[in-house]
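Take each chain as given, in its own frame, and dock them per the hints.
Chains A and B, in that order, are what the protein sequence lines are.
Numbers in the working numbering are just positions in the first sequence, counted from 1, shifted up by 20.
Numbers in the working numbering are just positions in the second sequence, counted from 1, shifted up by 83.
Since no wrong hints were added, every one of them can be taken at face value.
Listed below are the simulated DSS-like cross-link pairs for lysine-lysine, each with C-alpha atoms no more than 25 angstroms apart in a straight line:
| id | chain 1 | residue 1 | chain 2 | residue 2 |
| --- | --- | --- | --- | --- |
| 1 | B | LYS353 | B | LYS342 |
| 2 | A | LYS52 | B | LYS319 |
| 3 | A | LYS38 | A | LYS102 |
| 4 | B | LYS337 | B | LYS353 |
| 5 | A | LYS52 | B | LYS118 |
| 6 | A | LYS38 | A | LYS82 |
| 7 | B | LYS120 | A | LYS52 |
| 8 | A | LYS82 | B | LYS331 |
| 9 | A | LYS45 | B | LYS120 |
| 10 | A | LYS102 | B | LYS290 |
| 11 | A | LYS102 | A | LYS82 |
| 12 | B | LYS342 | B | LYS362 |
| 13 | B | LYS342 | B | LYS290 |
| 14 | B | LYS331 | A | LYS52 |
| 15 | A | LYS45 | B | LYS118 |
| 16 | B | LYS290 | B | LYS362 |
| 17 | B | LYS290 | B | LYS353 |
| 18 | B | LYS331 | B | LYS353 |
Below, a sample of chain A positions facing chain B; criterion: calculated Cβ distance under 8 angstroms:
| id | residue |
| --- | --- |
| 19 | TRP50 |
| 20 | LYS52 |
| 21 | CYS54 |
| 22 | GLU59 |
| 23 | HIS92 |
| 24 | PRO94 |
| 25 | VAL99 |
Over the 12 angstroms line for every Cβ pair with chain A, so calculated as not near, a few chain B residues:
| id | residue |
| --- | --- |
| 26 | ASN172 |
| 27 | GLY187 |
| 28 | ALA191 |
| 29 | ILE215 |
| 30 | GLY238 |
| 31 | ALA271 |
| 32 | LYS362 |
Source of the hints: derived by calculation from the structure; they are not laboratory data.
As the structure is a computational prediction, the values presented were derived from the model and not from experiment.
No residue lacks a Cβ here, since even glycine has one placed at the ideal position from N, Cα and C.
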Amino acid sequence: MTELVSAVNQAPAKPAKKGPRGEVKIFATWCKGCTICVEFCPTHVLAMHPNGNHPIVVDQEKCTACHFCDTHCPDLAIVVRKIE
Amino acid sequence: MSEHILSVHDLDVNEGQIPREDWFESSDTLQHLRKNKRFPTIWCSGCGIGVVMGSLIRAIESLGLENNNVALVAGIGCTARMPVYMDYNTLHTTHGRALAFATGLKIARPDMKIIAIMGDGDAMAIGGNHFIHAARRNIGITALVVNNSIYGMTGGQQSPTTPLDMRATTAPYGNIEPPFPICDLASAAGATYVARSTVYHPLELDKYLAQAISNDGFSLVEAVSYCHTTYGRINKLGSAADMMRVLKENSISKSAYDKLSDEEREFNTKTVRGVLHTKKRPEYTKVYGTLVDRVHEEAIKPRNYGGH
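In isolation and in its complexed conformation, chain B is listed as follows (with noise of 0.2 angstroms):
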């Protein structure tokens, strides 16, 4: 084979390259990169946040949102890094925190479509207080987080979505603490749209980012991507490309799931993908202006006022 490739392709590593420049303009979603930032991405080779980071520009562009509508916030880990790379609003803030400086920047410009880009450690651990709240007040905030199921920028450390019996270097043993269901705890504490897809269905990730971004609540995505340089590596689970393989393989659709029997539910252990809970709530800061104009017009005072 690599004579073959030698003969139609005799080329030098760089040869034949286009300039970078001309390379943003090459496409739709490369357009809304920015353009004075360090690329290649900071990601190891194969991470499924590259992905992740193709499907949001697509969403948003499907969409039709101006750039200048749309703010991108993160807190720490590999997946904040992503909106270092796009060309929107964007806030990096503290560890776990996305959520909350997210609320404030909603409340604050009702207007925005503000999306809240997390990890899962980032989501679940430190900051799973700020994502109950943020799904129970059903404020306006599209929630992506990115499920490696480790903490993969600080070393392999057991995150909240370690499956059990899974290796991490904090549990060399394996692990024994049940997961977290990110998406069943969202829904259960109150949000509006709740979607899961893998990074090897980036499609399917397009167009439920698509539909949690106009959904007027709180809306998760679950990304489910994998960390083939501390978690593969510690289980033994191959490449980039041998994990995104295992993802296409042990992910079931919605509505493949189901038309399964209750007994093979039961016994299900692939990843459901699909559009997994809706409902219709009042939203967070609709409710919260009408409450401003209602005490402006009717001139209510609180009823431990003590004023005069």
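Only chain A is shown next, with the shape it has when bound in the complex (with noise of 0.2 angstroms):
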């Protein structure tokens, strides 16, 4: 039994996903609340604040940093970077 236990602890942690992952930076002052880049982001990472009009990201390990949200903001407030 303690074998078991000491295996389960020694086994690698889940691995991180494959593909390319992003880290989204948003500027919520420069943001007029459209929710165009929380209505197209395929993976879910931004989410409109419950009381603010501006987005905030709620799943940063979901991003793919496929820069559809900082391409199509229409003011500029989203900055998306690729994490090595």
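Dropping the structure here:
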């Protein structure tokens, strides 16, 4: 039993998801709250702030750095950076 | 969902904000904006013109042009507010005359890259003659026409590109005039590079704008956009995101369009995206330069010269 537990503890952590990952930065002062980024994000990284009129990052790990939100942001209020 | 958001990010609206000066440094695109201007931009929430602005900056940057070698000329309208925010040489002119001023600028400074930024009303209605004659001369200007099918700034009046049967404040029972096909007009008038894309496809716009700016001759890029505030409201087309989704569904790439049968092409109502026309013709300022040189060298007098 003890051997089994130690084996479980030594098991490697869940491998990181394949493919590129991204980091989303939002500048809320420039955002006008058009919700284009939230409605089109293919992996649902963004959601509207419940009290404010701008999006926030709710699931950073899901971002695949597809650059949809930063190229489609009409207010240039989003920057996506690819993480190595 | 909202409880989940609250638990993950219990943030105040302006908490955790990046300072304004630092934000300009956070991407290559933002570095080309004028830091002393008032942001956010003047356009309505979700307007596609901002997307075109980002595309234009990326296109100029991809060509490695110096900011001082690029001049943006704009007329009047929502689209014409675009150069105000961009850190290049800019010229804000009267309604419809962007191409007229750009022609003068190009003849004075043929080494510069001139981009005339116009809306559909600016380019097709009041500036229609400047447009066809600039295309006829094949002068090395890039005309960027942002087509939102309406006069947005003045309250949604019908423009020369309002589609048939659609409503506008000056066409409350539906438009009965067929719209101008901007790209066909430019090709027929003699433009040497004609491309079209939509604001849903900004990476395509980047590519076409870069090709248009490097083309030696009159180039037209039509960026199909939308106006959800006036046109969208009067025609009940929904929010900015809804209208952007329509652009995605109602457009077809040039390669897919070419594969359609003749019958399908005839009944196609979708916007065709792609490089629609290219041609090789001598550029106006080059021809003008050789003429000036020839006249100086040979001291040719014009036929009706009455001097001595």
